[in-house]
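2 protein chains.
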Amino acid sequence: MKNTYNNVINYIYGKNSVLEAISQNPKRINKIYFSQGINFDNKLKKINELAQKNSILIQFTNLNKFNKYFENGEKKLTNINFQGVIASVSPVEYLDFEDFLNQNSNSYRKIVILDGVEDPHNFGAIIRTLAAASYDSVIVPKHRSCPISATVEKTSVGAINHIPVIKANSLPTIVDTLKKNNWWIIAADGQSKDNYFDISYKDMNFAIILGAEGEGVSKTLLNKADFKVKIPSNFESLNVSAACAVIVYESIRQIHQM
Amino acid sequence: MKNTYNNVINYIYGKNSVLEAISQNPKRINKIYFSQGINFDNKLKKINELAQKNSILIQFTNLNKFNKYFENGEKKLTNINFQGVIASVSPVEYLDFEDFLNQNSNSYRKIVILDGVEDPHNFGAIIRTLAAASYDSVIVPKHRSCPISATVEKTSVGAINHIPVIKANSLPTIVDTLKKNNWWIIAADGQSKDNYFDISYKDMNFAIILGAEGEGVSKTLLNKADFKVKIPSNFESLNVSAACAVIVYESIRQIHQM
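Chain order of the listed sequences is A and B.
Just so we're aligned: 14 in the working numbering is position 14 of the first sequence, and the numbers increase by one with no gaps anywhere.
Just so we're aligned: 245 in the working numbering is position 245 of the second sequence, and the numbers increase by one with no gaps anywhere.
Excised from the complex, chain A in its bound form (with noise of 0.2 angstroms):
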């Protein structure tokens, strides 16, 4: 059984360490991948009830294409015996969210919460802005989001060491919960009549909520949110880490300016 944490922090496999990995640190696997038509023996099925209980993402799929993430130096290893696992893992822990709610803080707190951005470079860069503003957080739904892999570590500089990522099982309730404990959620929304500078940031604890390149925030959340913002354009939309950044930093200008 190898366990390949030295050569690739994003892929293990094994039926040994990938239980070890599930039992020890439930919250750092993004994904458990079965083998097709895999019979399942004591210890995968361990793997699965572990994964069902803690809500991770399961997929049965043909594990060769794997392969290519577990090099060794410069040889590529082919046809590895994965023993009809792997796990993907992810190199940050995730934080609960009840954990981040119940948190005490002295000040106002500021998150970000993506809708469906899954591009690893614009998550990062994302990441790299909100611990350069000081955000608190950035919520991710559990599908359709962008795993924290070696590309976000390299893209963030780091910074995904510095802002907890919370994984949600359904942004409609998160959003509700943030309501019900009297948070403002600010959308993103290119048909929105105000700006984004025409909202203010201070004295209150607030969302601001970015939808993926082309599709946006989701009608659900759009019907949430207390604010719905645009940046204004007389070209297409900003790319989602831009308007990330023009919309965060706005919120910092306002907290330290007026």
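Hints are computed from structural coordinates only; laboratory data are not their basis.
Remember, predicted model here, so these are calculated numbers, not experimental data.
Some hints here could point you the wrong way.
Intra- or inter-copy, both count: the list cannot distinguish identical chains.
DSS-like mimics (lysine-lysine), calculated; alpha carbons at most 27 angstroms apart, straight line [claimed, not checked]:
hint: 1; residue 1: K202; residue 2: K230
hint: 2; residue 1: K53; residue 2: K31
hint: 3; residue 1: K43; residue 2: K15
Once you have looked at the hints, place chain B on chain A.
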């Protein structure tokens, strides 16, 4: 002589094709590559002469590394006979600085100067932001800049066709000329005491200078700037395209709002 414009817009090769391109459209040629140790016949001499006359960069190199850029659908070509010369061609035409300066404009003009930004993704993202914000142009140095490649065009989502690019032999000369013409020069500088939102961007022609990741704006240009501004950060500096979006949109906010 194959003119490869159909498959690849970035490079053309062959004496006749390159000679035609450099004669007809010298402003669109980024660079001429000659084969190392080639004997110059009349056509190559003429190409060399026109390149020098139009201040086009010239490099002597092993041309075989360019094989990968000339693909014929699925079939990879190797050992193409380049006839000793390849031209890197921009998909858009560069604008003359003098022409830009002498353009009539009813409103104040806003530009960005990139001092050493060589990453095509950052360059493309910056172009996209400038198009969204209706900036008038971007100035890049002839050396240490990013050629307008397919990556730039893609990352800019086509905005490269909307923002005229000016290629400068010398950025300090450009800045001096702008200042003589009553433009204001604003340089991004992490060491500055002033924040980017502490200055006014209204009722003036101005240029924002952004530097390369890590190195920042060169000392020569910093010394010429009328304003030096920082983006406050509790982590590392922002990525250059995020920094560009933040400062550019602060100017838009001020012009819209006040």
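request  = Tell me, please, which holds for K202 and K230 at an alpha-carbon limit of 27 angstroms: within, between, both or neither?
outcome  = Intra 18 angstroms, inter 22 angstroms, cutoff 27 angstroms: intra and inter.
query = Given a CA cutoff of 27 angstroms, do K43 and K15 count as a within-copy pair, a between-copy pair, both, or neither?
reply = Only inside one copy: K43 and K15 sit 6 angstroms apart there, 67 angstroms across copies, limit 27 angstroms.
task = Check K53 against K31 for me: Cα-Cα at most 27 angstroms, and say if that holds within a copy, between copies, both or neither.
result = For K53 and K31, the Cα distance is within 27 angstroms only inside one copy (13 angstroms; across copies 60 angstroms).
Checked against the numbered hints above, the structure violates none of them.
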